[in-house]
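Asker: Sequence:
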Amino acid sequence: MGTTVPKPSQCQIKKEIFDHDGHSVEIYWINYPRRKSQINSDILLLYFHGGGYMLGDIYSYSGFECHLSCLFNVTILHLEYRLCPEHPLPASVDDAVALYRALLRNNISPSQILIMRDLAGGGLSLLTI
338 MGTTVPKPSQ CQIKKEIFDH DGHSVEIYWI NYPRRKSQIN SDILLLYFHG GGYMLGDIYS
398 YSGFECHLSC LFNVTILHLE YRLCPEHPLP ASVDDAVALY RALLRNNISP SQILIMRDLA
458 GGGLSLLTI
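372 is the number that my numbering gives to position 35 of the sequence shown; each next residue is one higher, with no gaps.
Everything labelled a hint here was simulated from the structure, so no lab data went into it.
Virtual Cβ for every residue (Gly too), placed ideally from N, Cα, C.
Straight-line alpha carbon distances no greater than 25 Å define the calculated SDA-like cross-link-like pairs of lysine to any residue that follow:
1. LYS344 - CYS407
2. LYS352 - ILE452
3. LYS352 - ARG442
4. LYS344 - SER399
5. LYS351 - ASN368
6. LYS352 - LEU405
7. LYS352 - ASP394
8. LYS344 - ASN368
9. LYS352 - GLN449
10. LYS344 - ILE354
11. LYS351 - ARG438
12. LYS351 - GLN449
13. LYS351 - VAL434
14. LYS352 - GLY389
15. LYS352 - VAL430
16. LYS352 - ILE395
17. LYS351 - CYS407
18. LYS352 - ASN443
19. LYS351 - TYR365
20. LYS352 - LEU382
Label-pair distances were calculated between CB atoms; the ranges are:
21. PRO425 - SER448: 26 to 36 Å
22. SER446 - PHE409: 14 to 24 Å
23. GLY389 - SER446: 31 to 41 Å
24. PRO422 - ARG371: 34 to 44 Å
25. PRO422 - GLN349: 32 to 42 Å
26. PRO422 - SER346: 29 to 39 Å
27. ASP358 - LEU381: 17 to 27 Å
28. VAL342 - GLY389: 16 to 26 Å
29. GLN349 - ASP394: 17 to 27 Å
30. ASP358 - ILE466: 11 to 21 Å
31. ASP358 - LEU463: 20 to 30 Å
Take these sequences, add in the hints, and give me the full structure.
Answerer: As structure tokens, then:
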């Protein structure tokens with residue numbers, strides 16, 4: 338993996354477990370203190386990290402995601418999807434779909450959800466929608 342980006346001290350990270358149809362997924366809400374702007378603060382950016390479905394976690398991506406939150410002035414949702422080889426595919430896809438459906442069930446409109454990814458996260462993005 339590449340260089341880990343340092344997490345700004347102002348960034349807030351909160352862990353939560355989402356359940357959908359008996360399937361639990363671990364997510365992290367990542368927020369950089371909001372700037373006043375005309376950007377819609379109801380937008381959620383789902384970030385699916387890379388790592389070949391085998392590497393990557395909140396510790397290696399939280400700094401980068403904090404900077405994204407600041408840059409775009411949005412809340413980032415980091416999915417801690419299950420990794421191979423301990424959890425073969427489609428486990429990570431099931432996690433991504435479970436998160437997306439849990440958001441919809443919690444009255445988050447699809448128009449409020451953006452998906453951003455890198456590397457293996459690209460496959461998760463396509464298979465989630």
